[in-house]
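Protein chains: 2
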Amino acid sequence: MSDTHWQDALDLIRRGSEEILVEAELIDKLKAGKPLRVKAGFDPTAPDLHLGHTVLINKLRHFQDLGHHVLFLIGDFTGMIGDPTGKNATRKPLTPEQVAENAKTYQKQVFKILDPARTEVMFNADWMGRMSAADMIGLAARSTVARMLERDDFSKRYAGGQPIAIHEFLYPLIQGYDSVALRSDVELGGTDQKFNLLMGRELQKQMGQSPQVVLEGLDGVQKMSKSLGNYIGIAELPNEMFGKLMSVSDTLMWRYMELLSFRSLAEIEADRRAVAEGRNPRDVKVAFAQEIIARFHDRAAADAALADFELRFKAGAIPEDLPEVTLSLAGAPSIGVAQLLKQAGLVESTSEAFRQIAGGAVKLDGEKVSNREALVSGPATVVAQVGKRRFARVTLTP
Amino acid sequence: MSDTHWQDALDLIRRGSEEILVEAELIDKLKAGKPLRVKAGFDPTAPDLHLGHTVLINKLRHFQDLGHHVLFLIGDFTGMIGDPTGKNATRKPLTPEQVAENAKTYQKQVFKILDPARTEVMFNADWMGRMSAADMIGLAARSTVARMLERDDFSKRYAGGQPIAIHEFLYPLIQGYDSVALRSDVELGGTDQKFNLLMGRELQKQMGQSPQVVLEGLDGVQKMSKSLGNYIGIAELPNEMFGKLMSVSDTLMWRYMELLSFRSLAEIEADRRAVAEGRNPRDVKVAFAQEIIARFHDRAAADAALADFELRFKAGAIPEDLPEVTLSLAGAPSIGVAQLLKQAGLVESTSEAFRQIAGGAVKLDGEKVSNREALVSGPATVVAQVGKRRFARVTLTP
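As given, the protein sequences belong to chains X and F, one line each in that order. Each step along the first sequence adds one to the number in my numbering, with nothing skipped, and position 12 is 12. Each step along the second sequence adds one to the number in my numbering, with nothing skipped, and position 266 is 266.
Rather than coming from a laboratory, the hints here were simulated on the basis of the structure. This one's a predicted model, so the numbers in the text were calculated from it and none came from an experiment. From the three backbone atoms N, C-alpha and C, an ideal C-beta is built for every residue, glycine too. Some hints here could point you the wrong way.
[Claimed, not checked] Here are some of the chain F residues that sit facing chain X, going by a computed Cβ distance under 10 angstroms:
| no. | residue |
| --- | --- |
| 1 | Trp6 |
| 2 | Gln7 |
| 3 | Ile20 |
| 4 | Leu21 |
| 5 | Val22 |
| 6 | Phe77 |
| 7 | Phe111 |
| 8 | Met131 |
| 9 | Ala146 |
| 10 | Arg147 |
| 11 | Tyr171 |
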């Protein structure tokens, strides 16, 4: 690879990654010009992907665009063990059939981003399921208690007197061993995965392999936490997707674009300057929403969603700059509409809310509310309106 | 079982045990009158038993005399793993052939004490070898890091910054699981095994079995450490055994008898009183040595050894009360005879030792030393003599 090429590749790879360990090794691997084996591990239990999840998948796509090979690893081995203590009834072991089903759902979703020709879907039960207790002991011998207790969550729990079951020390080793089994050159993960990703490096070194480069901090779910993007499922209908993306605040929008858009950072920066100089941020948001819908549906669906949105919202004369309000659901699944209006400061009391509803003056997302007992489910963002002048963009957090 | 019977049984079982956990449960088990399954685990690597090891085996024999069933467990599973890190080249994995060979040697030795009809020799590789990595993870889920770090040696090493490999946390669980696999009612072990023995109780409870009673402190090797008894192999020739037992000091003799004799504590107490009132302790020691030799050889061998001993020692006019000297070999396998004499205070200098050897005045165990470069191997106890008046009973410790 020529100097310019690997430098461009590195720039693309760096975008959105918190940390690359070790960047010098990544440069060597890129310079070698061979297709790299790029691993990312996924939980077999939750195949319902939200935009937050796609940050990492987008990064895999970047590697594919650069000619590399993606190892999409489904960690079914531990999923099939379930909760070995039997204490957690909700963590029932998955059957092989459930795993296969979930894997299919995953693939249907991720192949909207990934190139199937450059993606290998793997299951770690393929090698871990064949491993004997003696092999497991051999693997356990490769790290120490002190090393494990360096992991942030373990050290906190240990210091706080919360129990750590011994098998929890085995899971990072299994994840690390997966890298050995896959001979991965690069592994991607969220910041909370850093310790486990580095375990892969350690085990590969111990077992005579060239250690994988670790890209961490690719966790959109974390980075977009308590924000709407986490709750936009990539399988949602174009209209829903469009509405939710348009509800994102004008500030947060830039963060979303950095993480989710396939446009270059330079282009996004140009948009930002244009908005600073007076361009309507709504236009930028529309273009971004169109890009996302086109990715997960198609261009026609994106256009139709825009048309529908304009019909419902622009016509409704909702002002450009809504006050933003964030309300916590405090663990509840929903909130009563009267409470919502009161807490958002749009009415003085719930009895006023009831009167306004009875008078036909209350709208949510442009639709009139007639049932005073109506519940608004969260997490979500809704535009709430009382009469002609009181508006708020209300984000309900869990 | 009648009240008197189980009380007698309890007295016999208590003898030499440091602690019984939980004694009330043992009483219940004894009262139930059914043959109990009494487990003891043995290392597959060191089948060369010394008197120290037989303390625990004697206790197994007591259980057999009371009608119970002994599970003689050879822990070949971990032995066949060896040192999983590969760092310790001396801990090579044992082959199944070596294990079988060692087991044969064990049986040849222990059946001098145990009743083969009431002994089952078991190998934990039979169940552990079939266990999968997933099963091992399930087992590991049954205890916690904090619980493991309660174990004395682990907590010391952790506090001292010495590494503890994670598989070391799995070994107590395996030992505990052996009790589940064997459905043992009682397990015997040394004080250093207490934690692991209790792990058996825990796992049995978790898996719905009645927990085993633990008898700990049966470790003759520990209790007799740095003393001669540890170094008397039970396969040694009658003459050697006799000589070594006669070299045991008059004080230590009582401890040995408590641990090793099959005579009742009342009888031993009667001997002790007799000696206090003037009986020659040598006579008691001779009777004890005869008992031990008869156990591991036969009565005729015991008599012949006594006759031989009298010929060599009594005739040699060695005084009754020798000064006792303990010398450390500081890790060396042996010590030069001249050094031994000097350090024991029998000569002023090694050059004096050389002169005395040249003059034919030096004897070890009654035999003249003529080679001034002769080495005395340890650990051992020898009676050293220079001329007609200088004597010492020299114990060489490692």
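Violations among the numbered hints: 1, 2, 3, 4, 5, 7
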